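Use these hints to put chain B onto chain A, whose structure you have.
The chain contents come next:
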Amino acid sequence: MSAIPLTPEPGLPGAAPSPAAAPGARAERGEARRARRWYTQPALMIGIGVMALVLAAALAGPLISPYNPNAQNLNATLLGPSAHHWLGTDQFGRDVFTRLLYGLRLDLRIAFLAVLFPFTIGIILGSVAGYFGGWVDTVVMRVVDVVVAFPFYVLVIALVFVLGPGERSIYIAITLVGWVSYARIIRGEILVAKRQDYILAAQSGGLGNIRIMRRHLLPNVISQAIIYSMSDIVQDILAVVTLGYFGLGVPPPTADLGSMINDGQNFLSTHWQLTTFPGLVVVLVGLGLSLIGDGLADILRPGQA
Amino acid sequence: MTAAAGTAPQGAAREGSVLEVRDLHVRIASRQGTVRAVDGVSFDVSPGEALGLVGESGSGKSMTLRAVLGVLPPEARVTSGEILLDGVNLVTRPHSELNRIRGRKMSMIFQEPMSALNPVMRVGRQIAEGPQVQLGFSRAKAAERALELMRRVGIPDPERRYRAYPHEFSGGMRQRVMIAIALSCDPEIILCDEPTTALDVTIQDQILRLLARLCRESGVSLVFVTHDLPVVAQICQRVSVMYGGQLVESGAVADVLLDPRHPYTLGLVRSAPDFDYVRESLVPIPGSPPSLINPPPGCRFHPRCEFAEEDCRVSETPLRLLPGGRATACLHYERCLDAVAADRARS
Numbered sequence: 001m002s003a004i005p006l007t008p009e010p011g012l013p014g015a016a017p018s019p020a021a022a023p024g025a026r027a028e029r030g031e032a033r034r035a036r037r038w039y040t041q042p043a044l045m046i047g048i049g050v051m052a053l054v055l056a057a058a059l060a061g062p063l064i065s066p067y068n069p070n071a072q073n074l075n076a077t078l079l080g081p082s083a084h085h086w087l088g089t090d091q092f093g094r095d096v097f098t099r100l101l102y103g104l105r106l107d108l109r110i111a112f113l114a115v116l117f118p119f120t121i122g123i124i125l126g127s128v129a130g131y132f133g134g135w136v137d138t139v140v141m142r143v144v145d146v147v148v149a150f151p152f153y154v155l156v157i158a159l160v161f162v163l164g165p166g167e168r169s170i171y172i173a174i175t176l177v178g179w180v181s182y183a184r185i186i187r188g189e190i191l192v193a194k195r196q197d198y199i200l201a202a203q204s205g206g207l208g209n210i211r212i213m214r215r216h217l218l219p220n221v222i223s224q225a226i227i228y229s230m231s232d233i234v235q236d237i238l239a240v241v242t243l244g245y246f247g248l249g250v251p252p253p254t255a256d257l258g259s260m261i262n263d264g265q266n267f268l269s270t271h272w273q274l275t276t277f278p279g280l281v282v283v284l285v286g287l288g289l290s291l292i293g294d295g296l297a298d299i300l301r302p303g304q305a
Numbered sequence: 001m002t003a004a005a006g007t008a009p010q011g012a013a014r015e016g017s018v019l020e021v022r023d024l025h026v027r028i029a030s031r032q033g034t035v036r037a038v039d040g041v042s043f044d045v046s047p048g049e050a051l052g053l054v055g056e057s058g059s060g061k062s063m064t065l066r067a068v069l070g071v072l073p074p075e076a077r078v079t080s081g082e083i084l085l086d087g088v089n090l091v092t093r094p095h096s097e098l099n100r101i102r103g104r105k106m107s108m109i110f111q112e113p114m115s116a117l118n119p120v121m122r123v124g125r126q127i128a129e130g131p132q133v134q135l136g137f138s139r140a141k142a143a144e145r146a147l148e149l150m151r152r153v154g155i156p157d158p159e160r161r162y163r164a165y166p167h168e169f170s171g172g173m174r175q176r177v178m179i180a181i182a183l184s185c186d187p188e189i190i191l192c193d194e195p196t197t198a199l200d201v202t203i204q205d206q207i208l209r210l211l212a213r214l215c216r217e218s219g220v221s222l223v224f225v226t227h228d229l230p231v232v233a234q235i236c237q238r239v240s241v242m243y244g245g246q247l248v249e250s251g252a253v254a255d256v257l258l259d260p261r262h263p264y265t266l267g268l269v270r271s272a273p274d275f276d277y278v279r280e281s282l283v284p285i286p287g288s289p290p291s292l293i294n295p296p297p298g299c300r301f302h303p304r305c306e307f308a309e310e311d312c313r314v315s316e317t318p319l320r321l322l323p324g325g326r327a328t329a330c331l332h333y334e335r336c337l338d339a340v341a342a343d344r345a346r347s
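For the protein sequence lines, the chains are A and B, in the order given. Under the numbering used here, the residues of the first sequence are numbered 1 to 305, in order. Under the numbering used here, the residues of the second sequence are numbered 1 to 347, in order.
Just chain A, same shape as in the assembly (with noise of 0.2 Å):
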């Protein structure tokens, strides 16, 4: 019968030469796409353009306004828009426009740096958690499960109410409540990575847990990380002047956006723009936030591989 070509393997040759040249040039083809593919998500483009316009305004406010923030001029309050005071004074005489833009500052950099710590220990614990599974993972996602039962915003308020106002405060709110997200997103995406065969494979190279888990899995799962925390700083911002608008946030003079809209609301009816343009800016920020959330998840989801 004689089935198999027998060839039991003395003495062969070198490996064939193979084609060299192609991969490479697939290569530099698959560098120009991505590159043509970033400038062309107008999404992206307006998210950014928004941003960096809202952000040149917070970084050069001292610039751009020869005002105090804080300096009352009981002598001009409640004044229109005009050359001088480009949104009119509020109740204390004080440039709105310059407390929009030292607010905004403030908020800004309270959301980025609040997004930073629940990103950081969400991840941590979600890959914990996926990745060795067992009483971990339950132990893990009960907590998750019990700060996911309660709205937001709700617990965040409550929080900051029984630490007392203040930028501390805040940070260590949303860091106890925005970390669930993290670590769901991320449990998710890990549970169904350790499955492939290059965690495997790293397995058998014989690499450490810690090793595998922060050099093959997590570049393979963050990018969901890094595009929810777009979304989460929208949220945050709005959790920040939410609690600025309640008197949570922090304690006055200072300029904060939810404290400018409250302190407006009285004057609602007679000066429209005491609250108005906080809130644009809010909104604003919101948008191009969400903007660039959107672009990424195009830019990210897709081509992984």
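The hints are simulated quantities; they were obtained by calculation from the structure and are not laboratory data. From a predicted model like this one, the values you see are computed outputs, not experimental measurements. No false leads were mixed into what you were given.
Short, incomplete list of chain A residues facing chain B, as computed with Cβ under 8 Å:
hint, residue
1, Gln196
2, Asp197
3, Tyr198
4, Leu200
5, Ala201
6, Gln203
7, Ser204
8, Gly205
9, Gly206
10, Leu207
11, Gly208
12, Arg211
13, His216
14, Pro219
15, Asn220
Computed beta-carbon distance windows for the label pairs:
hint, chain 1, residue 1, chain 2, residue 2, range
16, B, Val201, A, Thr120, 45 to 51 Å
17, B, Val283, A, Gly208, 48 to 54 Å
18, A, Val148, B, Asn89, 44 to 50 Å
19, A, Phe246, B, Arg163, 50 to 56 Å
20, A, Gly188, B, Ser80, 34 to 40 Å
Glycine included, every Cβ here is placed at the ideal spot set by N, Cα and C.
Chain B in isolation, oriented as in the chain A frame:
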């Protein structure tokens, strides 16, 4: 090539084997019951030797390999048996010690080179990672080593390809990268899980030749899992045939494939296409593989076996040694001799 002493179930520990597997049992917990995925498998591999492990899907080949490496899925467990690497029993070793052995003394090549490479890590870094972690190389020295390995496995222009990602490579090139990773810490043995199944035949041939050459150069042993008999013929010196989680036959490749002593091996050989002459038709093995939750009593192959007798249904069928360093689990292997002779006469 050594005598297949290790294929005897109670064979004494043999001098000079790299890897010895003794009476290995792997059970998998499933909703339907306990799956006896590997049921009393024994084999050994000498330095520089290539052992083929052949069987159809679900026969326990891959589970055997994963048990040897200690990377079984969470629901699977080694319930008894020994896995000796250089005389050290890996089954009883703690995880931390296994991590020093994996990669450094043994490594694995996977079936799907695309999914077995990390998609977001540069190829060169993936090759350099082993030497860096396992051998304590500096970053620069590990990179140097990776370039040297890329040259050895025939990746053109390694300096440029070092910084490429896996998706920029073709299937054959990816498998070369896998081989480079497997070789990166100078292991004593490489476990191959159908490394050429996902490749087309010309690339498959290149990869097999490359593997054979590298093993000869560096004296690495191979355990080569596949269902492809011509591949076994090309690369292995000895072959063990698995069926239903057990070994049914083992011996030198030429002996086993040309002159099978187990009806299952005979069935495999008969159902393989042949390049030497055109056969009238391929002969499939009737029936389907046994359930490993409730395996049939006696010989596991008897429900599909054309030679089955009453005693096949009841008595256990351990591997028995035959002359010429071979072993078979068949109680009536003489009948295979007749069948082989008849096949020859017909062609």
